[in-house]
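Chemist: Start from the sequences and build out the full structure, keeping to the hints where you can.
Protein chains: 2
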Amino acid sequence: MNTRTFKRLCCAFVCATLMTATASARDNHKHVPRFKLPPRNLILIVGDGMDDQQITIARNYLVGAFGEINLDRYPTRGAAQVLTYEEEAPHRVAYVADSANGASSLAAGIITSTGRLSTTVGDDADAVTIFELAKAAGYRTGVVTTSAVTDATPGAFVAHVAERACQGPADVAACGVDAKVNGGPGSIAEQIAAGNVDVVIGGGAAQFNQVVPGAGKTVLQLAMERGFQHVTTPAALEQVQGGRVLGLFSTSHMPVRLLGAAATRFTFDAANNPILPAPITCTNNPVYVNGSMPSLADMTDKAIEVLSKGNKRGFILVVESSSIDKQAHARNPCGHIGELEQLDEVAGLARDYAGDHLGTMVMVTADHGQSAQLLPETYFFTPPAGSPAFSSLGYVARVNTQDGAVMRVGYATSSGFLEEHTGVQVPVMVYRRIPFYLKPYVAQPELFFVMKEHLGLQ
Amino acid sequence: MNTRTFKRLCCAFVCATLMTATASARDNHKHVPRFKLPPRNLILIVGDGMDDQQITIARNYLVGAFGEINLDRYPTRGAAQVLTYEEEAPHRVAYVADSANGASSLAAGIITSTGRLSTTVGDDADAVTIFELAKAAGYRTGVVTTSAVTDATPGAFVAHVAERACQGPADVAACGVDAKVNGGPGSIAEQIAAGNVDVVIGGGAAQFNQVVPGAGKTVLQLAMERGFQHVTTPAALEQVQGGRVLGLFSTSHMPVRLLGAAATRFTFDAANNPILPAPITCTNNPVYVNGSMPSLADMTDKAIEVLSKGNKRGFILVVESSSIDKQAHARNPCGHIGELEQLDEVAGLARDYAGDHLGTMVMVTADHGQSAQLLPETYFFTPPAGSPAFSSLGYVARVNTQDGAVMRVGYATSSGFLEEHTGVQVPVMVYRRIPFYLKPYVAQPELFFVMKEHLGLQ
Numbered sequence: 000m001n002t003r004t005f006k007r008l009c010c011a012f013v014c015a016t017l018m019t020a021t022a023s024a025r026d027n028h029k030h031v032p033r034f035k036l037p038p039r040n041l042i043l044i045v046g047d048g049m050d051d052q053q054i055t056i057a058r059n060y061l062v063g064a065f066g067e068i069n070l071d072r073y074p075t076r077g078a079a080q081v082l083t084y085e086e087e088a089p090h091r092v093a094y095v096a097d098s099a100n101g102a103s104s105l106a107a108g109i110i111t112s113t114g115r116l117s118t119t120v121g122d123d124a125d126a127v128t129i130f131e132l133a134k135a136a137g138y139r140t141g142v143v144t145t146s147a148v149t150d151a152t153p154g155a156f157v158a159h160v161a162e163r164a165c166q167g168p169a170d171v172a173a174c175g176v177d178a179k180v181n182g183g184p185g186s187i188a189e190q191i192a193a194g195n196v197d198v199v200i201g202g203g204a205a206q207f208n209q210v211v212p213g214a215g216k217t218v219l220q221l222a223m224e225r226g227f228q229h230v231t232t233p234a235a236l237e238q239v240q241g242g243r244v245l246g247l248f249s250t251s252h253m254p255v256r257l258l259g260a261a262a263t264r265f266t267f268d269a270a271n272n273p274i275l276p277a278p279i280t281c282t283n284n285p286v287y288v289n290g291s292m293p294s295l296a297d298m299t300d301k302a303i304e305v306l307s308k309g310n311k312r313g314f315i316l317v318v319e320s321s322s323i324d325k326q327a328h329a330r331n332p333c334g335h336i337g338e339l340e341q342l343d344e345v346a347g348l349a350r351d352y353a354g355d356h357l358g359t360m361v362m363v364t365a366d367h368g369q370s371a372q373l374l375p376e377t378y379f380f381t382p383p384a385g386s387p388a389f390s391s392l393g394y395v396a397r398v399n400t401q402d403g404a405v406m407r408v409g410y411a412t413s414s415g416f417l418e419e420h421t422g423v424q425v426p427v428m429v430y431r432r433i434p435f436y437l438k439p440y441v442a443q444p445e446l447f448f449v450m451k452e453h454l455g456l457q
Numbered sequence: 000m001n002t003r004t005f006k007r008l009c010c011a012f013v014c015a016t017l018m019t020a021t022a023s024a025r026d027n028h029k030h031v032p033r034f035k036l037p038p039r040n041l042i043l044i045v046g047d048g049m050d051d052q053q054i055t056i057a058r059n060y061l062v063g064a065f066g067e068i069n070l071d072r073y074p075t076r077g078a079a080q081v082l083t084y085e086e087e088a089p090h091r092v093a094y095v096a097d098s099a100n101g102a103s104s105l106a107a108g109i110i111t112s113t114g115r116l117s118t119t120v121g122d123d124a125d126a127v128t129i130f131e132l133a134k135a136a137g138y139r140t141g142v143v144t145t146s147a148v149t150d151a152t153p154g155a156f157v158a159h160v161a162e163r164a165c166q167g168p169a170d171v172a173a174c175g176v177d178a179k180v181n182g183g184p185g186s187i188a189e190q191i192a193a194g195n196v197d198v199v200i201g202g203g204a205a206q207f208n209q210v211v212p213g214a215g216k217t218v219l220q221l222a223m224e225r226g227f228q229h230v231t232t233p234a235a236l237e238q239v240q241g242g243r244v245l246g247l248f249s250t251s252h253m254p255v256r257l258l259g260a261a262a263t264r265f266t267f268d269a270a271n272n273p274i275l276p277a278p279i280t281c282t283n284n285p286v287y288v289n290g291s292m293p294s295l296a297d298m299t300d301k302a303i304e305v306l307s308k309g310n311k312r313g314f315i316l317v318v319e320s321s322s323i324d325k326q327a328h329a330r331n332p333c334g335h336i337g338e339l340e341q342l343d344e345v346a347g348l349a350r351d352y353a354g355d356h357l358g359t360m361v362m363v364t365a366d367h368g369q370s371a372q373l374l375p376e377t378y379f380f381t382p383p384a385g386s387p388a389f390s391s392l393g394y395v396a397r398v399n400t401q402d403g404a405v406m407r408v409g410y411a412t413s414s415g416f417l418e419e420h421t422g423v424q425v426p427v428m429v430y431r432r433i434p435f436y437l438k439p440y441v442a443q444p445e446l447f448f449v450m451k452e453h454l455g456l457q
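As they're listed, the protein sequences go chains R and F.
To convert, note that position 20 of the first sequence is 19 in numbering that gives the first Met the number 0; the numbers rise steadily by one, no gaps.
To convert, note that position 291 of the second sequence is 290 in numbering that gives the first Met the number 0; the numbers rise steadily by one, no gaps.
If you're looking for bench data, these hints aren't it; they were derived computationally from the structure.
Please note: incorrect hints may appear among the correct ones.
[As the list claims (entries may be wrong)] Straight line, CA to CA, 30 Å or less: simulated DSS-like cross-link-like pairs of lysine-lysine: (1) Lys-438/R to Lys-451/F; (2) Lys-134/R to Lys-308/R; (3) Lys-438/F to Lys-438/R; (4) Lys-179/R to Lys-134/R; (5) Lys-438/R to Lys-35/R; (6) Lys-438/F to Lys-179/F; (7) Lys-438/F to Lys-451/R.
[As the list claims (entries may be wrong)] A short list of chain F residues far from chain R (calculated; beta carbon distances all over 12 Å): (8) Gly-121; (9) Asp-125; (10) Lys-134; (11) Ala-169; (12) Gly-182; (13) Thr-231; (14) Thr-250; (15) Thr-280; (16) Thr-412; (17) Phe-448.
For glycine and all other residues, C-beta sits at the position ideal for the given N, C-alpha and C.
Modeler: Structure, rendered in structure tokens:
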């Protein structure tokens, strides 16, 4: 064949190949679906009062000092500085937060004063929450907690009030200008009933059974009129298939999983030596063994199922283990260990869910530090011969662990009936399949922007 | 041109091109140096007792609640579980470490009992340290500390003793079988003098001025015979150009940078209300202002200069800010804040050095937790009307901060003259330019293996 013929054949072959490829690409376009971004979901898990002391104490008890809990397997960890302003001097820093202003930093990216829920210090304005932004962008929203659903942590995501004690319509004094009778939006329960949150599960039936002034109906009745399915038993919760859910499993806060004696002040013998309290063994609360009460993991499982059902946009779910804090206030080590175990189960299932769902981020953090300290069982320093032995200056409990050892836990922040919070920076753990870098040190309100960014909210 | 001629020309062109390329590659091999791995260096910075409470308290004082210290800018952060065995029951877990067994976990990757320095619990065997492995592999080694250089943290890297109090030849009773007179390797000071560590800088002249039994010479004289340059002033330290250095800047531990009153127990008024101690303002220790004492950063700067000089293999340097712990034991907030500031300066300069030196890793961590807690300045809970106000059950200090606020710090782990340690997991920060992933939760002995891996030690 001569050169010209060769060139012509060549051209014919190349052209044919190109045309076939183009046709094939067109066919593929028809038959192979374009890669679609999955729904973006965010699961924020808040351990109320869950600082590093709490985590270490719980780990040692639950899996032994050599073990790992689910929290330890999160691939990214950082620390968050909690920021608080004083109510009376709105630009003066206070170094210790409560659950209200800590949750407001997470929910709305603001720094505010203790007691406030997504309202600003100084001018008492409503700060736009991530739930409001998410709803406007078509996401579904939910809160699950072991406290009353009107307590501070869920409250900051679902309501705006100047004072966290404004939980039900009966709390008129606490509500002040937020009370309906004073022209406000009403208490947290009333704002849940009137609002657009899809899933609200926890304790706190008392607030929903109160009558709304002027309406002649309870908050619960108003909530059901707005489409909430009201459930009060694990079996009823299990039956829920979708839609809006209001699960209320106790009058106030839900019971704790692990029971045991609270810490005690040292007593002293005749020679003024401290008498060590006997080691305690934690026991399981029967209501969680016999299934009459759903665990935090049970409630979270259902919330994820309901929120994700037929949902192509995505959801934001806030899960709180509330009584880590409440049991530390009460100086009860079994109590806060069991509630950290509940949180850790949720950290495990949420991590699994995010592993199966590309667009899901899980963030675990705390709102503020707590009082408990892991003390030495044998003190390093000893007094001069003949002097009384040294003891903690506060309350002490000694807990039997599966290491075959005794773990001593102390609480000494207050002479009062409840311990106080501390101002320590709190841990943050994050998991997401899509590559992600968390700055290892953040101010707590920055986490709001991390979450907002993940959901692509403006 | 016909097809054959075209093919021949083609071949000639391709062959010529290939030959030229090969020749050019050969030339380049001659003139362009092969990329060489830089020296591998490791700077381990230990904040004795530096837990998250300590870091938060220091940050709030040093830069304000909204500020960031150098530690906060490390790109990788994790938590380390401190592991301790009981001396009397060698496989039973104790939940609170001391500096000795914590440092032994870092230095030798072992879990041992409190008081032990790189010796094993149960059989008192010497555990091979990372300094020994590094020396065998041709690295240079150094320790810098604000304590006596024979104290626990440096001690675990430069010696093997069963009891940390075995610091100088006069400590025969504490040394027991480790004493030279009992056929042992001698105290920590003697092991430094007889060993091969290149740089030893800190306090602790007392131990080196003791006479070694049988030798008729002081430990210092023996050390100088083995090539150590002995320096005792900042000016003399500055003059050191290389070789081996023994810097001893105080008889025992070095003085602290920030001075201020220690915390006090609450006193009470006639109505039994606690009387708040007056807020204190920390002041600078003149010895660090007038330059008569080198800062931890000064000593570290010189150590890096000496260790890296003409060193193509690399070095391992351990820097300890020791009195974070000692000042927390003594309930002195200014003291531990100032020593954390010293550590933070070192964290900054080491980070800069690693930024300029590709093969360098910096790791910052603590050996164990401490007692101090950041308490609320205004208590959340109030007593019934007419009852005394609530107070901490321990010692309390109130510190003026640059936020224009007062930060309250409490200590309540012991009725004795010194506070106790706590068992909380401790922070770990790492920086290295070569991509590196730190598992965010590790057992403390694992950090030994991370360091060993970085240096390529077997």
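Chemist: A separate judgement is required for each hint: does it hold in the structure or not?
Modeler: Do the hints match the structure? See the list:
no.	hint	in the structure
1	Lys-438/R to Lys-451/F	holds, 26 Å
2	Lys-134/R to Lys-308/R	holds, 16 Å
3	Lys-438/F to Lys-438/R	holds, 15 Å
4	Lys-179/R to Lys-134/R	holds, 24 Å
5	Lys-438/R to Lys-35/R	holds, 29 Å
6	Lys-438/F to Lys-179/F	violated, 42 Å
7	Lys-438/F to Lys-451/R	holds, 26 Å
8	Gly-121	holds, 16 Å
9	Asp-125	holds, 24 Å
10	Lys-134	holds, 31 Å
11	Ala-169	holds, 22 Å
12	Gly-182	holds, 29 Å
13	Thr-231	holds, 32 Å
14	Thr-250	holds, 22 Å
15	Thr-280	holds, 17 Å
16	Thr-412	violated, 6 Å
17	Phe-448	holds, 16 Å
Hint compliance for this structure: hints 6 and 16 are broken, all remaining hints hold.
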